[in-house]
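Make the full structure from the sequences, and use the hints.
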Amino acid sequence: MSLDIFSVSQMLAKIIFVIAVCLGVIPFIVWFERRGAAWMQGRVGPNRVGPFGLLQPLADVIKFFFKEDWSPRNANKFYYFLAPTLALIAPLAAMTIIPFGSFAVINDQVINLQIANIDSGVLFLLAFAGLEVYPLILAGWASNNKYSVFGALRGSSQIVSYEISMALALLSILMVYGSFDPHKMVEFQNQKIFGIIPMWGVFLNPIGALIFWIATFAETNRLPFDLAEGEAELVAGYHLEYGAMKFAVFFMAEYIAMIMASAFLATIFFGGYNLLPGMYFVVQKIGTHFALADIGMQNLKAGFQFLSLFIKVAFFIFVMIWIRWTLPRFRFDQLMDLGWKILFPLALTNLIFMSGVVYFLNR
Amino acid sequence: MGTINVSKRYTAKEKFYLVAIFQGMMITLRRFIQGFLFQKNWTIQYPEERREYSQKFRGEHFISVDKNKTENCTACYLCETVCPAECIHIIAEEREDDKGQYGVLKEKKPLSFDIDALRCCFCGFCEEACPKDAIKLSRNYEMTVSTREKAIYDLDHLKREVVGRG
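Chains as they are written, first to last, in the working numbering: chain A, 1 to 363; chain B, 364 to 529.
Just to be clear, a hint being listed does not mean it is correct.
Unchecked claim - Beta-carbon label-pair distances, calculated as ranges:
| no. | chain 1 | residue 1 | chain 2 | residue 2 | range |
| --- | --- | --- | --- | --- | --- |
| 1 | B | 495 | A | 50 | 50 to 56 angstroms |
| 2 | B | 440 | A | 51 | 37 to 43 angstroms |
| 3 | A | 178 | B | 385 | 30 to 36 angstroms |
| 4 | A | 50 | B | 452 | 29 to 35 angstroms |
| 5 | B | 367 | A | 51 | 55 to 61 angstroms |
| 6 | B | 410 | A | 62 | 50 to 56 angstroms |
| 7 | A | 341 | B | 385 | 17 to 23 angstroms |
| 8 | B | 410 | A | 50 | 15 to 21 angstroms |
| 9 | A | 51 | B | 495 | 37 to 43 angstroms |
| 10 | A | 233 | B | 370 | 22 to 28 angstroms |
| 11 | A | 203 | B | 374 | 27 to 33 angstroms |
Said to hold, decoys possible - Keeping only pairs whose Cα atoms sit at most 30 angstroms apart, straight-line, the calculated DSBU-like set for lysine-lysine is:
| no. | chain 1 | residue 1 | chain 2 | residue 2 |
| --- | --- | --- | --- | --- |
| 12 | B | 419 | B | 430 |
| 13 | B | 376 | B | 471 |
| 14 | A | 341 | B | 376 |
| 15 | B | 495 | B | 513 |
| 16 | B | 432 | A | 341 |
| 17 | B | 430 | B | 471 |
| 18 | B | 432 | B | 499 |
| 19 | B | 472 | A | 341 |
| 20 | B | 432 | B | 419 |
If you are wondering where the hints come from, they were derived from the structure by calculation, not from laboratory data.
C-beta: ideal position from N, C-alpha, C; glycine also.
And the structure:
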């Protein structure tokens, strides 16, 4: 890649855009998590700060900033402070390979709407998603508290067990796409089955999509798989000894991991940035109304592609919050049963089945 | 005989579990829509809205006064005697006033009348024992204090104006 002004500035713009979107929607997710929980439980929820309580996350942040930055005396200081940083870095780094649009054209130059266009993008993402277990272990171990260690133990064993099913489910759909490049995967899903149904991964490989979806819950430590935190029995789990801004970083990291997992799920199984059904007509209507040229049309389409990815991610995050207030937490043996006795054999069978299907269709 | 086995074999549909999850999710979705669109909730906005409690509710204590702001209490020690939590402490003295407006001479009066609200169990026995209807329990349930000393109600606090039973 050449290092002229344009490519550097467009790269910086994309990085800033992705980080700004990720961090910018967190307050809304936090607000929605609390308000939605209240609605589901017949309560009102935070409604004092700002209109509809929308400024409540801001008030929380101000509180976090002004709290005493305390750390336990016998903690391993280096790892203790490394853990929240790593927790924030890992999902943000994984976001770099998520394509949020096909391409835009500015000044006759094509801008690939993806921060890092890596051929083996999914492997890169899996590596960084796997890194999410380290902050758990580091935080639990370094804070020198038995509840934290229990949380770290549970979290690590849970993530390790579910990552296998997740990878197998991923493998079964990767065989269909025949590529590790997220862009190519999304373009593959742009085709139509029988000319009507979009050829999304979920329609080609529903069992794989379901296993992957369940595994993302476990990967992001959301209920019903939040054994690493387990408020009822472990106080707060691995981040028990973290206060003030360090806790806020863990909190943000959890939400960024949610966004990352949802975006990954949308990209792999739900058509990624492909326009939602019906949106193509809207794009055409707007294009003809303003008499846009090809370039303007493409840029408009890229905008709508980002919008459709945004809607999909928002839907998956809504489902995560929805599930959280529906299901109770698994017991640890139930969690392991589900992971090893149900999801793992199912994913393996599905992998073998899908490989057979792909082999016979491509022959 | 002995124990009855109440565990049942799950049907295939129940074992599948996703159906049950989906049913549960529909319930929460219905609640969500009720809360989101129709603003239906079962809680109240506390400082602005308050629950209406029973007329018999026993809350913060007070001592009734007559028109001259003289307490009805004659320091007979009945309430202190009956109190199961031993939270009432009375010191009596002689009253030097003239006859009151109604011609009733209260010869004895409390020099100090302390109720330790932290010990009180709000049984209302003092209220029942009082021959003068002097000590009463109001319906006020907001009794937060900032220090422990303030939780010991003295005579000045007890003689505050309470309309009805508050």
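Going down the list of hints, with the structure as the test:
| no. | hint | verdict |
| --- | --- | --- |
| 1 | B:495 to A:50: 50 to 56 angstroms | 54 angstroms, holds |
| 2 | B:440 to A:51: 37 to 43 angstroms | 59 angstroms, violated |
| 3 | A:178 to B:385: 30 to 36 angstroms | 33 angstroms, holds |
| 4 | A:50 to B:452: 29 to 35 angstroms | 50 angstroms, violated |
| 5 | B:367 to A:51: 55 to 61 angstroms | 58 angstroms, holds |
| 6 | B:410 to A:62: 50 to 56 angstroms | 22 angstroms, violated |
| 7 | A:341 to B:385: 17 to 23 angstroms | 22 angstroms, holds |
| 8 | B:410 to A:50: 15 to 21 angstroms | 18 angstroms, holds |
| 9 | A:51 to B:495: 37 to 43 angstroms | 55 angstroms, violated |
| 10 | A:233 to B:370: 22 to 28 angstroms | 25 angstroms, holds |
| 11 | A:203 to B:374: 27 to 33 angstroms | 29 angstroms, holds |
| 12 | B:419 to B:430 | 25 angstroms, holds |
| 13 | B:376 to B:471 | 80 angstroms, violated |
| 14 | A:341 to B:376 | 18 angstroms, holds |
| 15 | B:495 to B:513 | 26 angstroms, holds |
| 16 | B:432 to A:341 | 79 angstroms, violated |
| 17 | B:430 to B:471 | 18 angstroms, holds |
| 18 | B:432 to B:499 | 16 angstroms, holds |
| 19 | B:472 to A:341 | 80 angstroms, violated |
| 20 | B:432 to B:419 | 25 angstroms, holds |
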